[in-house]
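**Student:** Protein chains in written order, with my numbering: chain A, 780 to 1089; chain B, 829 to 1155; chain C, 299 to 624; chain D, 3 to 274; chain E, 18 to 551.
The set of hints was computed from the structure by calculation and includes no laboratory data. One or more hints might be untrue.
[To be verified] Only part of the chain B face toward chain A is listed, based on derived beta-carbon distances under 7 Å:
1) Arg916
2) Arg919
3) Pro1117
We put the CB at the ideal spot given by N, CA and C, even for glycine.
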Amino acid sequence: MLGFVIRRVLQMVPMLAAIALLIFVLFSVIPGSFATGQQDEGLGLDMAVVARMRAELGLDDPLHVRFGAYVKQLATLDLGVSFRSRQPVADMIAARLWPSLKLTIAAMGFAIVIGLPLGFVAALRPGSLVDLGLMVIAVSGLSLPKFWLGILLMYLFALTLGWFPSFGYGQGGLWHLTLPALALGVSPMALLARTTRAAVLDIMNADFVRTARSKGMNEYRVVVWHVLRNALVLVLTTIGLQFGSLLGQGVVVEKLFAWPGVGSLLVDSVFQRDIPAVQGCILVITMFFLVINTSVDIAYKLIDPRIRYT
Amino acid sequence: MSASQPLLQVEDLHIALSTDAGSFPAVEGVSFEIARGETVGLVGESGCGKSITALSIMGLLKPPLGLAGGRIRLTGQEIQNLPAAELRSLRGKRIAMIFQEPMTALNPLKPVGRQIAEMFVLHQGASWREAEQKAVEALTQVKVPAPGRRAKDYPHQLSGGMRQRVMIAIALACEPDLLIADEPTTALDVTVQAEIVDLMKELCAARGTAILMISHDLGLVTDICRRVCVMYAGRIVEQQDSEQIFNHPQHPYTQGLVASLPRLGMRAQHGRRKLMEIAGVVPGITAYPGGCRFNPRCSRATEICVKVVPELEALGDGSLVRCHHHG
Amino acid sequence: MVDQALLSIEDLAVHFPIGGGLFSKPQMLRAVDGVTLSIKPGESLGLVGESGCGKSTLALSVLGLVDATRGRVMLDGKAVGSEADRLEVARTVQMVFQDPYASLNPRQTVRRTLADPLRLHGVTNGGEVADRVAEMLRQVGLRPDQADLYPHEFSGGQRQRIGIARALILKPKLVICDEPVSALDVSIRAQIINLLLELQAEMGLSYLMISHDLGVVEHMSDRVAVMYLGRIVETGGWREIFEQPRHPYTRALIAAIPDPLTRGLAREKARGEIPSPLNPPPGCTFNPRCPHATDHCRSAPPVLSPVEEGHLVSCWRAEEFAKVPA
Amino acid sequence: MKLRANLAIGGGLTLLSLFVGVFGPWLAHTDPIMDANLMNAELPPSGEFWFGTDQQGRDIFSRVMYGAQISLTVGIGSQLINTAIGTTLGVTAGYWGGWWDDFVNGLTNLMLAIPSLIFALAIMAILGPGLTSLMIALGLTNWSYTCRISRAQALAIKSQGYVQAARVLGYGDMRIMFTQILPNTLGPIIVIATLGMGGSILAEAALSFLGLGVRPPSPSWGSMLSDARETITTAPWLSLFPGLAIFLTVLGLNLLGDGLRDVLDPQSRSRR
Amino acid sequence: MKRLALLSGIAIATAGLLAALAPAAEAQTPRRGGVVRMTAPYASSFGNLDPHRSGRSQDGQVHMTIHRTLYIWDSAKGAPALELATAATPSAGGTVWTFKLRDDAFFHNGRKMNADDVVWSFTRLMSPGEGFVGARWIRLVQGAVAVERGEAKEISGIKKLGEHEVEITFTQKVEPGFLFYNMTTSILPREEVEKPTWATAPVGLGPFKFKEHIPGSRLVAERFDRFYKPGLPYLDRVEFPIMAEASARDIAFRNREVDTSILGPVQYVAYNNDANLRKNILEVAEVFTRSMVMNHEVKPFDDKRVRQAINHAINTQIIVERLARNKAYRATSWLPITVPGYDKDMKPYEFNPAKARALLAEAGLPNGFEFEWTTSQNESWGLPIVEAVIPMLAQVGIRVKTKVVEVAVLTDIALKGEFQAYIGSSQTGPDPLQTLRCYHSSTPRTSCNVTQYKNADYDKMLDEAGTTDDPARKLELLKRANAHLFDAAPVWFFNYNKATLAFQPWVHGLQANPTELVHQYPEFIWVDASSPAK
């Protein structure tokens, strides 16, 4: 088991390297430069000075030299220094990571707590009005632009009803977390409800459930002893994929709710052409994905005896 | 319950398939009896209704299939309309079933010992600890080597034959009166199949358990069963003693089946002869012909076969046949 | 004798690496491990064996779809393999598949299924293509006007007829029949068996008949080879194999048939289950299941050797079984 | 068990959107770009302006009609690219296997690891806002599912008798992939593309919100909605109608995708 | 004294809507204590807490709170006022200035500010290869450019005369207040700057000291008790919640979760239509001119008649009214309203498509022409404006292809001259001379003359205005230059921004700062007891 975990963790390394290469290449051709992104009005900047800055930052070196330096830097777990704040990118991201994780976990928690039972209930009465109703709700949740949903939530729950604050981080704990987590969590919730429904339906039709019934079990035991865990195995992938990509999906919600996460740092950095910060953010976001999915793989190994990775 | 009372009586069983296009008879007027300890075979090609007949005895039919009439009696008690809870208490305890695909019929995420143990917990109120002990014993009885270790294995770690042994252990755990075996060896290799069949015969004989064997393989059924019912297109067309069926089939369909099989040893005895063919194709449930359902493929068919459904007729020797022109 | 063989397989071995990844070494699956066989023009060879014995791999190597690890396959005097001209191989050997439901492309009409190969093989004249398709359909007992239907519009037996038509459209010399009737309804099987035999007579075909159904094999074969874990354990004329089987495995196969006819034939059933070809037992691979196995069997692998003219057995104790009635 | 309703409702909504997408210019009352009249700015819905007017005094009804074209173009265009990339890689990887399969697998995992919105954001920043960029950005970033599914399909179909038969008949690899495998992978791929279209339309809206969407003169629903977000309290019709258009179209596509999945791809309901 | 002036400044700036209310507000005595929550509206984070590095308006809010420099902008007078300097004396025809510094200014770390800090801070700004944004204000100091180019270690033009006295020599005649009121020239404590924590924990001379920064969420500063203005500041704490999303900001403000909110055109109208909200809106004409910049190196923009035609073809008035919703003042020429030299009698270009067509015909383009118009998505000086203009230009036969880019790219394109025309906003004040120099033929594209406008007459006017010692003559020349630009129409004159800030009724002491409304003077702000924030 330990060997398996180590292998899976090691397998992330080439993946991260490939991602690093990809984003490096992508952002080496991005138009606009950090120097002009630094001020509202870029006029008054001396191009000679800009040129000097570029040279000092090594931006004029050939691509392969820059990539070499980049890799060397990454190899020492250094994400570089932000163009705009002159802080180590790692520090900047560290400051944003916990808020992002909080939001992501809350959103995923919401998705699981609501989505799983919803899918279950729908699957136990397939084709019924309850099923249809729940699935329409779920699909609707998938069909709304997130920012619009966020604004509607704010308008309803913050302004009209006054139940929750409309924005803010770190002041009211869960209170401030509610609306952003809701806005972010609705679509994974909907996806999870659908996947759960499909998975439970699949399992309910499986031969071994027929076996269980032929043993004389009542439906409750059939579900608890034989359906639940098997359905969970099918849903786990969706949970992993959704959870893993939530950090990235968060950009819109973070921007709307002024949530100080990695996503909003990324968007800011893109617009200000703070390339080291952009690269760092994307690396962290993808690393998060990889870590979650590696954990899911390991979890699979724990709950599904069929899986034997080499 | 008198000694002469049959264990299972199926009377005039009808099963309907409901589709958007209407309701179709998947099984029609099926009747047969099984005495205590008796072995009865139900033979037919895929889609003839043999498996759903078995499921209906277990009360496990699922939509779009549904019971449309008839009675199923277990030691005289009608069970087709029993409340769900009472029916459940029969399942596993008095009637047990094993299925064709032992891989999918077992829960892949549970150790097989646990899946056997469930039977003791469900029907004997045993604690899990006791139940798992008993499960190991059950594995010993189905001749699984190293049962203590095997009990902890998951289905995927076992071979097909071993899995089917586990299924048999589950089915026989509570010493049921009747074991329904639905194509129990189809998925297995021939040499393994022989072993499993022997095992089933042996264990059931020892417990006095009756067997309802369902298969498309006439040879297999006659090997195990004392009596054979041949089904075609939702009806029983012939019922015979196993000894007789190969030698004196009565129904043209059975006759065709027997004559069309290239049986080992025939070439040595008779030289290579062209096999007898049954013309046409097996009809689908939604396209059953009127009258005798075999009439479009039957060489003896006459007008009456098209118009009138033949009755199941008793021949003197205890065999039954559903044909206007039998013999 | 070798020069007249349509197909000759010499010491063929096919090994596959299984598993293995960045951090582990793959295991070797010895699917076929030293097989020698030949088929003469017009002859039917029955190949009998259970799952995992390597018969499918053997078929693939005859078709040139799998490369030999060792040995060679000669077809009509030319070596078969990835080097060979695939089109030429295709015109010599064809295959009929087991599952008539999976072996026809659900999105192609029968006409396309039959006409495309013709075009690929250079029959470009539209009229000729149509004629040959129609003729072929007639030969397998279908109506030419059914050519524009899709597979799902046919029954299983009809589909198998289409599968046979596809195999024969290029007029091959050898046809590999891989369990050609086992997926069919029992009442349909005779139709297909008869058809195959008729076509063989009509077109002078050779068959490599792969099946686990001994009745079918006996009925259709001139010679029979029994395969177990990648090796031929016994081969000979159909009569020798089924009336005087020498190898315990062959005898166990016969004994396993639940048919009143064979009930008196053999009572020597095999024990236990087929070992994994990934990890075959030492010595004679059948030894763990053999009722007659000795210590010698457990250590030294036997060689396929003749016990009488044209009857070869790979068993240390073959001689002892010579007189035992099967 | 089958929610036939989803096929009917989804199909209906999708057809409606497609109809508007194709005939939008004829349905529209005015030109969506040139008919700005600031004197008519922000009029509520009325007999003349069914959906009201926007800040520029343009008829929102007309813009929604024209917007269908843009939004659907983004959806369809990006899905065409996705499907082309996904199936090409997936089918070849599944069919050929070996190092190519490993490579494609790695690439797929890579694409999966970078959330597509982030990736699209990066590509949009490089290409600059616009319709073509958007199609490329969304088309390059969402093919991993298609690839996975078509790979799995190709793997499964590869061992089917008819593919074996084609090989036995001497068909070349390309011919087999095109005539035997590809047509039989289409079912699930159509399902993914349908669901993906909805995703693309939503992604367009998200990118518009982030400031990197489709840009005029084309009125896409996403950019209309994004532009109108400030007036949600004062002139709600500005956001309501493009919002509804997105919602109903994506809802339609999602329902249709679910419905098609039940019909075309019954086994894989629980995957994904 | 000064406070009074500033307070009356508010009264003037908010005259009209606030006229009835203002005296009542003045009557109250400022309360000590409390918190004010001023939204940071322009971006979803602060870019850089080092005032030398960031010229972004959003960061300036924080810099005004934590740092100070030699001058400060006096909103009431509309001129720079002395802040850290107590006296500034010119000599040598206005090229050499002697600054006396405060001796009661303390850094938040407790050390007293002295002349060395000024010398060090200005020298740091010119560090080579760093690209400090504030460098542009020091470049006029003699020897500064040599340091920037790495040719010298010290700026020859800056001399420490005493513990609290500095002499600065400029390369030309200047008004140093216009340079050194910028927060990007803040005086910083060297010992703190050299610490590794500097980027995250700034230390300055301002009325509030840095307390906490949650990047992307908010920044908090608390009262500095040794601030050099006695009795100030009033507040215990200033908070800057970051809220870049206008719709979210609107909801938060209405929900009383924040105390100030910058209003966009949409909200400006909405708030003015709300009886409660309209009472507390602060407006000011900012020194930003919005325009469509044409590249005179591209045909046909080299032709004055074409440029004039464009100015005639666009109904600028209706765009200002309807689209900018009067949250802007129509531009007549380059200089904005609050800047000396602005001529309030000057009439803007008349909306006259016929005349535009005639001018085009005269220029040899009777059928109009097509050009590519680059724009950002800014709502006040970007895409929506372009969308409104497109049909107007189409009326006179001018066809527009739009190219939408991000602001960062727009600036890049402008500096490199890779555009035909773009729409943007330029800071046009507070120094009129500096502003007008933008179109001087010696000004390179990279430092403002993006159009590459070149005219000898115009150059002469500006050169004279730069050297004359007669303020009246200077003003006259500036006016003439501005009028010259009106006629030359190097750009399409669109509008001057009207910045509007909504504030909660309990907030007092805000000022209408025309250089940037969000740059408030936090030491004068106080909140009354009705403030819900604690």
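**Student:** Hint by hint, note whether the structure agrees.
**Tutor:** Against the structure, the hints:
1. Arg916: holds, 5 Å
2. Arg919: This interface hint holds because 4 Å falls under the 7 Å limit.
3. Pro1117: Since chain A brings no Cβ nearer than about 32 Å to proline 1117 of chain B, farther than 7 Å, the hint is violated.
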